[in-house]
Amino acid sequence: MADERVVGIDLGTTNSLVAFMQGEKPVVIPGEDGSNLLPSVVALDPNGQVIVGNPARKYLIETADRAVYSVKRLMGRGYEDVKDELKLFPFRVAEDLQAGEVMRIMLGDKDFTPPEISAYILRQLRRNAERYFGAPVKKAVITVPAYFNDAQRQATKDAGRIAGLDVLRLVNEPTAASLAYGLDQKKNGIVAVYDLGGGTFDVSILKLHDGIFEVIATNGDTHLGGDDIDNLLIAIALDDIQGDLKIDVRRNAEVVQMIRKAVIDAKIALSNSDSAQLELELPGGKHYQRTIPRALFEQMIEPILQRTVGPVKQALKDAGLEPAQIDEVVLVGGSTRIPQVRQLVQELFQREPHCELNPDEVVALGAAVQAQILAGGSDATKDMLLLDVTPLSLGIEALGGVVAKIIHRNSTIPASATEHFTTGVEGQTAVAIHVVQGERELAKDCRSLARFDLRGIPPMPAGLPRIEVKFLIDANGILHVSAREQRSGKEAEISVQPSYGLTDEQVENMLLESFDYAEQDFAQRQVIEARNEANTILAALEKGRGGAAWNALSGEERRDIAKQESELRKVMLTDDYQGIRKAIDALNQGTMRLAELMMDTAVSSALKGKTFDEADMGEGPSAPHPFAQAEIKSE
Amino acid sequence: MSVSEKDNAVQIEQLNGTKASCWSCGDMRAAHFCDSCGSLQPAVPTDYFSFFGLGRKLNVDVSRLERDFYQFSRKLHPDVFARATGKEQDWSLQKTSQLNDAYRTLKDPIARTEYLLKLEGVHMEEQSKQATEHARQTGEVKKQVVPPDLLEEVFELNMQLEEARMNKKMGEADESLTRDLQQTKKNLEGKYGALDRELKGYWDQWDALIGRDASDEDRKPVRDKMVDLLNRRKYVQHLVRDVNDVLE
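Taken in sequence, the protein lines are chains A and F. Taking the working numbering, the leading residue of the first sequence gets -19, the next gets one more, and so forth. Taking the working numbering, the leading residue of the second sequence gets 61, the next gets one more, and so forth.
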């Protein structure tokens, strides 16, 4: 089991988390700063170093052209898909971007694809987990919005590979959340999950049956979330500023980021109070201030929230259920903290929603449960099995641009379909197939997934070849295609041209570090961390030598310590991790009595009227700690 | 556990007509797992009824089917083989997709009937596809055979639909027309009940024929009746859809 450690990762629009099963309970692994949430912000510092999380956030405000956030919105998408949205986000698209190419975003003077940017976030999470375990982490389950299409899923999987992770499974976020809830509840019945996050909305309806989590229907919108509320408030503030103060700050990315931060704070405050203040110091010494009453806020965001109603109703219809037949409703995603959202959900399902688990963490916790299931399971997960569905219908473009659906939405995955094709011209040796995903009648209105060329068809009269093409959607919701010419029995060759996807070769070239490299990296980090620890102990020992406690030790004790000390000083110059570790432990053991005596001295000094601060305790030898001291930040 | 016991009843002949030995231990095997060593067996082309160890009968106990589906899922799902060899992972993927495809088709009475007719050599979808293609190529209007008992109703409905579409285009509302259409929709939906009862009658006849191993010639009349009924049902379904489009 130990070598098979599989972590669960929630790669979110706003924040990302990594979790694992500690015994029978999923827990989130904190970062070095003690925070469970890693902001999904990536920046390139002036030295060309990539920075992730809280430290990257300061670049957003100071030098906005060096940082990027909400990159999840760009995963698996082309420029055409998101060009409207780009007006609202300070992304700078690479200037030499060709039509149909995978998007590239500028950070400073370098460009990155969205999977690469996501890979930096994943790598940071992986490092957090490795620091926590003290062992390399190579396998992960990553969550995706249920309504992600094939290209978005593939892009997420690519990001995992670029980060040096073997992605065992992509799990849909609402389904993961239901796993986290199901772990405690172990009930049978129908559950609805309403997941409104930073950038995506999902609704899933599941049937729970003795540990089987069977998704019956899912729906959503991959471009609907808290970001939209922020953008609305920003637009209003910008209008205000232009109207009242007569300054246009739209082009000033730093000011826009400052406004963004202020409106997010106001939005969060409005979940608990009746009004919030928006206050900003603008360039040129101008001051902008506005009070937002909750009633006004609610009125403004109502159209955004109403966009979740259609998907909810469609999911219920597809499941063949009335709201009254839903037994439990679960809330997921930070945006469900807004009281108005809760009220809407309550009205839609006619029952009080569950929100016992932290809506920011529940998806990662569920991913950890699924990770445990894939790692071989434990008592807690042994009867649990997830049966998910494909959110969008898969079709092929037929004559006249009409879509012939071959796998319908809400089909349990893995799912497959077999289609037959033939030639239209004598001697034709290749057939082109266009695969699309979506519910619309015409191919041009659906999402183009890929264009396949079936090649190597033996020359025959028109209509005679019979090419069997098998489409298979795997448990990750990703499509695989294989083909065979049945009359000759020949495997037809397929060249896949993913629309807006990376080729395997491109992914290989992007790997942040190869697997061997990761091993080496990890070993080096371990040695460095052990050396740091050794230095801490040696410094504490120096301090102890100067104090009264040292004199209380016997000569033999002092000689032993001196021997252990020189041993440690010698071995810490090498890269021998085990050796350094052993020497640290020996010195720790040997100085135990010294530490006790120092403590006694400190206590007696305190009794003499000194405070603990004044009493020179030194740091004392400390027990090895797997990760840095928690520093609780209120976000 | 009961899945593997049940599997033993589903012999490989039922799947593809040949008997092979287990890739792992060499023993003669059952369909999904080896009788002797329990190893997962390769996916072979199979029809949906055989996958569940069922005969080609149309009366299916759906709650039992669901129970079997859950049991098979627990045994075959790729999650269970996440740490197995690449070969077994691939079989698990193939077999689970067969399982899901089979369950999705068999649990739905209409899909099940259509699928059985397809096994019997009737390709309803392709018939309709070919007709559409033919109509497109020749420029002829696709011939829709109106079921005789609906003739009068359809005639009137088409006029109402035309009027309603016109109103919609002009942005006008005719409440009495809307009420009429809602009533028509109710009447049409009421026909499903009668059609489904009729279909159930054919199922019983069909299952009895299969039970006594009737010849293809004996089965043909029932088969043709089912094809006719499904076509009528589809026709009603299209009418309901048209009415819904206008009412929305």
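Worth flagging that the hints you see were computed from the coordinates, not collected in a lab. The beta carbon of each residue, even a glycine, is placed where N, CA and C say it ideally should be. Hints may be right or wrong, so weigh each one.
Listed next, with one range per pair, are the computed distances between beta-carbon atoms [to be verified]:
#, chain 1, residue 1, chain 2, residue 2, range
1, F, P169, A, G407, 42 to 48 Å
2, F, K260, A, K362, 17 to 23 Å
3, F, P169, A, Q305, 17 to 23 Å
4, A, R511, F, G98, 47 to 53 Å
5, A, E4, F, K260, 44 to 50 Å
6, A, G356, F, K260, 45 to 51 Å
Q: Please write out, lowest number first, the hints stated earlier that are contradicted by the structure.
A: Violated hint: only 2; rest satisfied.
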